[in-house]
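Asker: Using the sequences and the accompanying hints, generate a full structural model.
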Amino acid sequence: MNGKKFLFGNGRVARLLSTLLTMAILVFSSGACNRENAPVRFASTSDPGVNNAPINNPPPSGTSVPGISYADVVSRVSPAVITIHSQMRVRAPQQYPFLDDPMFREFFDQRGGVPQQQPERRRSGLGSGVIISTDGYILTNHHVIDGAEQIKVDMIDGRTFDAKLVGSDPPSDLAVLKVDATNLPVLALGDSDKVRVGDVVLAIGNPLGIGQTVTMGIISAKGRQTGFQGSGSFEDFLQTDAPINQGNSGGALVSTNSELIGINSQILSPSGGSIGIGFAIPSNMARTIADTLVKTGKVRRGQLGIVVVPVSSERAKELGINETKGIVVFQVQPGSAAERAGFKKGDVITAFNGIEVTDSNVFRNQVASTAPGTEVTLTVRRDGREQQLRTTLGEFIPQTEPQR
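Residue numbers for the sequence shown follow our numbering, so the first one is 3 and each next one is one higher.
Don't read these hints as lab results, they were simulated from the structure.
Careful: at least some of the hints might be erroneous.
[Said to hold, decoys possible] Here are the computed lysine-lysine pairs in the BS3-like style, where the Cα-Cα straight-line distance is at most 27 Å: (1) 297 <-> 180; (2) 327 <-> 346; (3) 180 <-> 154; (4) 166 <-> 180; (5) 166 <-> 300; (6) 347 <-> 327; (7) 300 <-> 154; (8) 297 <-> 154; (9) 166 <-> 154; (10) 327 <-> 224; (11) 166 <-> 327.
[Stated by the list, open to error] Here are the simulated distance ranges between beta carbons: (12) 136 <-> 258: 21 to 29 Å; (13) 332 <-> 228: 16 to 24 Å; (14) 341 <-> 211: 34 to 42 Å; (15) 161 <-> 390: 53 to 61 Å; (16) 298 <-> 270: 28 to 36 Å; (17) 364 <-> 125: 35 to 43 Å; (18) 196 <-> 361: 16 to 24 Å; (19) 302 <-> 342: 15 to 23 Å; (20) 220 <-> 375: 39 to 47 Å; (21) 71 <-> 185: 26 to 34 Å; (22) 376 <-> 162: 42 to 50 Å; (23) 225 <-> 316: 18 to 26 Å; (24) 258 <-> 357: 24 to 32 Å.
By construction, the Cβ of each residue, glycine as well, lies at the ideal position given by its N, Cα and C atoms.
Answerer: Structure (structure tokens):
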């Protein structure tokens, strides 16, 4: 009975409980409505307190986010990228070198006739190139036209031109062609020194002869040296993961600013196909070589006559120096400009004409890009003391290539 009274019998208690329950429901409902209507703000990467890099502001409400497209870049630059077809003679091996001797010809005549020599064979080559002037100068790789007796270029508008070789430079793997035409589309050469690792690039060429193709990637590294062309080559490659295949050689590596920043040249691959490791000759090197080839038809390079190696921590300790800056002279060639200047094995070169030296390949290219006969000054550390050595550069003589 007391229990029933407590639950039902006391009217005032029941009304009080009912009132409290109603108020609780109203409070809960009011709180839920406030949370639903109030704007919810998550932390933005552009907030000062967040360590991430700022992102672009979102588009206005009701608009769709456009996809990233490089179609405008491609439409501007692709007409200046051409396909190169070359024809070259391949020497057949001389199986019977004595056929010019009458005695041997008589010997063969008695045994069924003179054997026939193999007919001369011809080999076709395929590559790409870039038009760099409206009057028909074309930049491509040396290996694309090496040994060619006939060269034709195809443009994407369907026109075909005969091309002649202006000049070729095997150590840089660059060549310049010329076609008899005017008002051609051109691709402006950009400043490859300003290219950064991570920049988006487009590779344009004619891989495997299927037609002009565009691939995309980024700059993976700068200042690469592969050594594929031998010790006589001069390399300062831009590395990219934009797919490059056979036929892309001599084609364009283009920035998103529609500028030529490299000439596609090599790939590293165990299979012969692209695995995302490609190399392009930087546009600044290509510009210098092309200008020289157009003016003189030949590239002349300075030579110091030393072999240098990087300064490792162990080598620095052996030399009694605390820094790993500069490069170490490993060998001095007899009769060279370096020997005349007094260079010795173990000298640490820290500057070339006042420019700090930090990399052996960069130093080699600096010397090579200086004309033979130029007087240069090198800063050298020897026995803990710094000194200046002056000399006149000799001339680099490329190794003679074997005949085909």
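Asker: Could you run down the list of hints and mark each one as holding or not?
Answerer: Now for the hints, and whether the structure bears them out:
The hinted pair formed by residue 297 and residue 180 meets the criterion: a straight-line CA distance of about 13 Å does not exceed 27 Å. This hinted pair checks out: residue 327 and residue 346 have alpha carbons roughly 18 Å apart, not beyond 27 Å. Between residue 180 and residue 154 the alpha-carbon distance is near 10 Å, which keeps this suggested pair within the 27 Å criterion. Distance hint between residue 166 and residue 180 is fulfilled; the C-alpha atoms sit about 5 Å from each other, no more than 27 Å.
For the hint pairing residue 166 with residue 300, the CA-to-CA distance comes to about 15 Å; that is within 27 Å, so the pair holds. Between the alpha carbons of residue 347 and residue 327 the distance comes to roughly 17 Å, so the proposed pair stays at or under 27 Å and holds. Between residue 300 and residue 154 the CA atoms are separated by roughly 22 Å; this keeps the pair inside 27 Å, and the hint holds. A threshold of 27 Å between alpha carbons decides the hint, and for residue 297 with residue 154 the separation of about 23 Å falls inside it, so the pair holds.
Among the hinted pairs, residue 166 with residue 154 is consistent with the structure: their alpha-carbon atoms are about 9 Å apart, no more than 27 Å. In summary, the hint linking residue 327 to residue 224 is supported, as the alpha carbons are separated by about 19 Å, within the 27 Å threshold. Distance check on the hinted pair: residue 166 and residue 327 sit about 46 Å apart at the alpha-carbon level, beyond 27 Å; violated. A C-beta distance of roughly 24 Å is found between residue 136 and residue 258, which places it inside the suggested range of 21 to 29 Å.
Look at residue 332 against residue 228: about 21 Å separates their beta carbons, and that is inside 16 to 24 Å. Here the CB-CB span from residue 341 to residue 211 is close to 51 Å, at odds with the stated 34 to 42 Å. Roughly 57 Å separates the CB atoms of residue 161 and residue 390, a value that falls within the hinted 53 to 61 Å. Hint check: residue 298 to residue 270, Cβ distance near 33 Å, so the stated range 28 to 36 Å holds.
A hinted range of 35 to 43 Å for the beta carbons of residue 364 and residue 125 is consistent with their spacing of about 37 Å. The given range of 16 to 24 Å is respected by residue 196 and residue 361, whose C-beta atoms sit roughly 18 Å from each other. In this structure, residue 302 and residue 342 meet the distance hint of 15 to 23 Å, their C-beta atoms being roughly 19 Å apart. The hinted window of 39 to 47 Å between residue 220 and residue 375 holds, with their beta carbons roughly 41 Å apart.
Distance hint check: the CB atoms of residue 71 and residue 185 are about 29 Å apart, consistent with the given range 26 to 34 Å. Between residue 376 and residue 162 the beta carbons are some 43 Å apart, a value that agrees with the proposed interval 42 to 50 Å. In this structure, residue 225 and residue 316 meet the distance hint of 18 to 26 Å, their C-beta atoms being roughly 23 Å apart. Remark: the range hint 24 to 32 Å for residue 258 to residue 357 is upheld by a beta-carbon distance near 30 Å.
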